[in-house]
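Novice: Here is what each chain is made of, one letter per residue.
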Amino acid sequence: MLLIRCPYCEEERPELEFRNAGEAHIARSANIAGESDDDFEKFFFIRSNPKGIIHERWRHMHGCARFFNAVRDTVSDKFIITYKAGEPKPAKLPKISNEVVAK
Amino acid sequence: MSGAFRIPGAGRLSQPKTARFSFDGQSYPGIEGDTLASALLANGVHLVGRSFKYHRPRGFLSAGAEEPNALVEIRRDAARRTPNVRATVQELYDGLAAQSQNRWPSLSFDVGAVNDIASPLFSAGFYYKTFMWPKAAWKNLYEPKIRAAAGLGVAPDQPDPDHYSARFAHCDVLVLGGGAAGIAAALAAAETGARVILADEQAEFGGSLRFESGASIDGEDGFGWAQAATARLKDMDNVRVLSRTTAFGYYAQNFVGLVERVSDHLQNPGRDLPRERLWQVRAKRVVLATGAIERHMVFADNDRPGIMLASAARTYLNHYGVAVGRNVGVYTANDSAYAAAIDLKKAGVNVAAIVDLRDNPTGPVIDEARALGIEINFGRAVIRAGGKLRVSSMTVQPKNGGGERTIPVDAILMSAGWTPSVHLFSQSRGKVAFNDETKRFVPGIYAQDCVSVGACNGTDGLSATIDEAYAAGAKAAKDAGAKAAKGTKPKVDASESWSRGMLGAAPGAGPDTTVKAFVDFQNDVTAKDIRQAVHEGMRSIEHVKRFTTNGMATDQGKTSNMHGLAIAAETLGKPIPQVGLTTFRAPYTPVTFGSIVGHARGPLFDPTRKTAIHPWAEAQGAVFEDVGQWKRAWYFPKGGEDIHAAVDRECVAVRKTAGLFDASTLGKIEVVGPDAAKFMELLYTNPWEKLEPGRCRYGIMLREDGFIYDDGVVGRLAPDRFHVTTTTGGAPRVMNHMEDYLQTEFPHLDVWLTSTTEQWAVIAVQGPKSRDIIAPLVEGIDMSDEALPHMSVREGKICGVPTRLFRMSFSGERGFEVNVPADYGQAVWEALWAEGQKHGAVAYGTEAMHVLRAEKGYIIVGQDTDGTVTPNDAGLDWAVGKKKTDFVGIRGMARPDLVAKGRKQLVGLKTRDPKVVLEEGAQIVADPKQAIPMTMIGHVTSSYWSENCGRSIALALVAGGRDRMGETLYVPMPNGTIEVEVTGMVFFDEKGERLNG
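Sequences listed follow chains A and B, in order. So the first sequence is residues 1 to 103, counted in my numbering. So the second sequence is residues 1 to 997, counted in my numbering.
None of these hints come from the bench; they were simulated from the model. As the structure is a prediction and not an experimental result, all values here were calculated from the model. Hints should not be assumed to be uniformly reliable.
Result set (EDC-like, lysine to aspartate or glutamate): computed pairs, CA atoms no more than 20 Å apart in a straight line [what the hints assert, rightly or not]: (1) K84(A) with E739(B); (2) K915(B) with E947(B); (3) K884(B) with D77(A); (4) K475(B) with D449(B); (5) K882(B) with E35(A); (6) K95(A) with D479(B); (7) K431(B) with D73(A); (8) K439(B) with D460(B); (9) K84(A) with D750(B); (10) K42(A) with E745(B); (11) K656(B) with E990(B); (12) K910(B) with E947(B); (13) K483(B) with D237(B); (14) K95(A) with D449(B); (15) K51(A) with E35(A); (16) K95(A) with E35(A); (17) K78(A) with E11(A); (18) K84(A) with D740(B); (19) K78(A) with D449(B); (20) K284(B) with E56(A); (21) K42(A) with E704(B); (22) K884(B) with E681(B).
Computed footprint of chain A on chain B; a stretch qualifies when at least three of its residues, placed anywhere within it, have a C-beta under 8 Å from a C-beta of chain A [stated by the list, open to error]: (23) 734-743; (24) 851-865; (25) 891-898.
Sample of chain A residues at the chain B side, in silico, Cβ under 10 Å [stated by the list, open to error]: (26) L3; (27) F43; (28) A65; (29) D77.
By construction, the Cβ of each residue, glycine as well, lies at the ideal position given by its N, Cα and C atoms.
Using the sequences and the hints, build the whole thing.
Specialist: Right, here's the structure in full:
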C-alpha cells in the first residue's frame, strides 16, 4: 500500500484514503462546443500512458476530499511530488532514488 | 517413552510432557514441543503423503517452512478441517488428529499410483497436448477427472467457525527472521531506543542455531544465546517480538504483511483467541534476515521416504532428540552434510557411508568425520535409491562411470548446498545478482529502504553474520532517526563454516528418460521434464517454469528453483545469469483466506444501509431487496400473496386511491452559493437560470462523452440554493463528478456541495387521494393546485417538524414527496399512514414503483440506459437546453457517431399476446427466419405485467426505434419466438391528465 502526501493536509496518508482520478493537466476548452472532432478526441480519449513519469490526479476521498496532482514513476510506483490542483507542472522534479547496490 | 527413535539425552525437549496424537487413525505418543513431523519420525513413521501427479509415496524432506512433501490434513472437528498443513511446521498438541491426503484407499496402497507406472504418458506439457479434442470433453470429462485425480488436500465444506483478527503497526525497524542475524540486528536497533519489531515464523527463535551444535555466542551454546537474547528483547518497552509469525508479503514503501498463528498449536484455543492475526506493518527501515534453505541432490528416486535434507536430520536430532534412521547414508556436494553425519554418529546412529560428489575436498568437518571412523567416498555419486515406501539402499558409482555398489540404508541425508532466501527482497522489487564464484543469487540492487544480512545476503560464517547484522541493525535505527547504540555486540566464541555446493542434476539423474530424479517434489517435476521443455523449444526460464510447473506449487520452489534453473541453463548451453531467475511473488508461504478476510465476513463484509422507515416496513412484513448497500422494501405481501399478487394490488391501489412509498434512498445533494445556478447550468443539460425559486425541473446529467450519467428532480429553494436528487445507486459518483468539476474545471464558481442523502427521509405519497392524506398534517403551505402546482416545492411543517414538500410524481398520478429530517422519518410516515388508512391507501415497494413508472414511460438510468445512451436516444431532447453554449457533454453529444442515423432508441413494446411478459435483456430481431447468428437490433430494458393496463408492457432499445412505430419485431426465446409491436413509451394516461387528477 502506497503512502501519498496530500498537499492540502500536508501529511502522508495511506493509499486507502485516496482515489486515482486519471491523467492531470488535460485542460477542458473554454469553448468546448466549438472544438473540432480531432481536438475533442485528443482532449477526451487520448492519454499518454507513459512508462516512467506521469502527472496524474488524485482525490483525498476519505480525508479532505480535495483533488490534487501528483507526479509518479509508473515503473517504481514511487510518488515524486504532489501539488495542489491548478498549480503548474513542477519545472524541476526532486531526484528520489534510493537504489543501492549491495556489496 | 515417546517413540522408538527418540534418543535419550538428545534434543532440547528437556522436561517432556507427553502428548498423544493420531495419524490416519492410529494413535502415537509425542512430546509437547514436537512438530507433527518430529513426533512421527520419533515413532519411525516416514511415509506421510502421496505426490501430486504420480501418487508416489513421500516422506519428510525438511524440518521447516520449505517442506514440499509432508502435507497433511489437521482436523479439529467437522468444520475445522485444514488441508495441506506442512507437518514440519504444525506444532503438536495433545489430541491432535492428522490425516494423509491424495491417496485411496490407503496411504500404503494407493490405486492412483498407477500414474507412476504410466508416467511416460504424463511428461511435461502432457495436459496441454493430450486433452485437446473433442473440445467439449475438456469441460465435461477431462477437467473434472483430472481435478479429482490430481491435487492435494480437500477444501473444507463448512463455514469456518474460527475468527481472525487484524492489526496495523508502525515501527522504526522491522527485522524479519529470528536467527542469529535477525536477533543481532534487533539487539543493535533496540539498544538505540528505536521502535523495533522482530518476527520469526518458528515457535522459538534461533533459526539455524536450532541444529548448529558447533555454535557458541557470549559463552553460551548458540540456541541458548538466542533464547536469552530474545528474552531480553521481549523485556524492552520499545520492542515487539512476534514468534509463529511469517512475513508473507513485502509491498510498496516498506509495507509488510505478516500472519501470526495464534492458536493452531493449542489443544483448546477457546473462543476468545483468534486463530490467526494479520499484521500490516509500515516500517521506516526493514532488515531482512531470512536465512538460507538447503537444497537436495537430484538423483534417481531421490523422493523415497527416508531421504531428506541433512540440516533436517540434524534439526530432528539436535532439537527434538529424534534419529531419522538407524543406519543412514549421506550424499552431498557440501560440507554441511558432514556435520549432520558427525552429530548422528555421536548420538549412536550408524552412518553407513558418506558419498561426496566432490573430488578431494578438505576441511575440519571432513577430518572429524574420518576420525570418527565414517566411511567417506569422494568423487562418487548415488545413482539411485532402493525401496518404495521407505528407502532401503543407495547405489553408488564413481561419478564418471564404473562399478556399482549398493549400500543398505534406512535414510539418506543430502545436501547440494544452500540457497539464500531472497524471496522478500525480490518481492520488495529489489534485483538479485548472480555471484559466479559461490553460484548464488544474492541481493543486488535495492528498491526500498531495506537491507539484507546474514545467509540471505550470501554472508558465510557466524562471526561475519553477526558483525554484519549488528552494524546493519544500528544503522537502520540511526537512519530511522534514532540515537547511537549503547549496547555491546554479541561475541562469537565458536562457529561452523561450510563451503559451497552444486546446482542442477547430479550424475544419478540420468540422461535415461525413465529415471525420475525429482527437482520439484510438490509438483512432481523431474530433471528429465526440464530438459524436455528446453528440447521442445522453451528458452525463457519463465516458459520452462510454466511448461513444467517447476516451482509453481504451494512451496513456490523453495528447494527446486535453483536446480531447475541450472538444468535449463545447462541444456540451453548458457550461463545461469543469462537464463535468469523467475520473480518471487507473495505469499512466501500459503496464507489462509481467513487471515486476509479478518472480521470482514457475513454482515460485516459490506455496510448495510437502512432507511428511517425500515423498522416500520419490517414490522409490516415487507420483503426487501438489495439496492447497492441499501435494503429497500420490495413489496408488502398481505395474507399469503405472492410477489405478483402483491404488486398488482399495490399498483391498482395507487392509481385508485393512493400509496405510500419510502423514497429515502434517493441521493440528495444541496448545491448552494452565489454561482449555484451557473454551476447547475454546467453540470446538467437543462437550463436553470430562469427556473423560479419554488419550482422543480427534471434534470439530466451527462458525462463529457455525451452519454446519460444520471437524472433526477431538482428543486430550486432560493436563488442560491438547489435541492438536487440523484438515483439511489448514483449518489456517490454524482457527488464525485460534481466535486471534480467544481474543484478542477470550474474553481472560479462560488458554490458549496453537501451530500444530504442520509439527512432527509423521503415519503412519496402518490395517487388521487394524496393531497387529502397530506393536507391535514401540513402547516404553512397552501396545498391548492394554484399555489402548489405539479413540479413545485415549498418549505413548511408537517406533523410539527420542518419539511421540504415536493409536488412531483414518479407514478403519473397526483403526487408528493415529503422530505423530513431523517430522525422524524418514521413518526411522520406513521402519521401519514394513519391518514392514508382513512382513504384506503396502501404501502408499496420498489417493484410496484417500477411498474408504475414504466406504465408512464419514465426511464430508470442504469436500467433503460447503459452508459451508451444519449438524451436523444432516450427521447429526452426536450430536456437539453438548446440555447446553452456549454455544459458537460455538450461536445461529446455532437460526435458523428452520436448523431448518426440508426442509433438504438428507447421505444415501447407490446407483445401480440397481451399475456406474455418479455424477459428483460431479451434480444430483438427484425426477421425471425434469418440464419443463425441473427442480426440483433436491440434488447428489452424493462418488462412487467401491468394490472392497470390489463396487459404486459415493455421498454426496449431498438435501432432506429422511433421510425418503426407500429412495426412488428420478434424476440426469439428458447421455447419459441415472441411477436411484438413497436409503440410509444407511455402505456397509461397518455395525455398526463392524472397528474392533476
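Novice: Taking each numbered hint in turn, which are not upheld by the structure, reported in ascending numerical order?
Specialist: Of the numbered hints, 3, 15, 16, 20, 24 do not hold.
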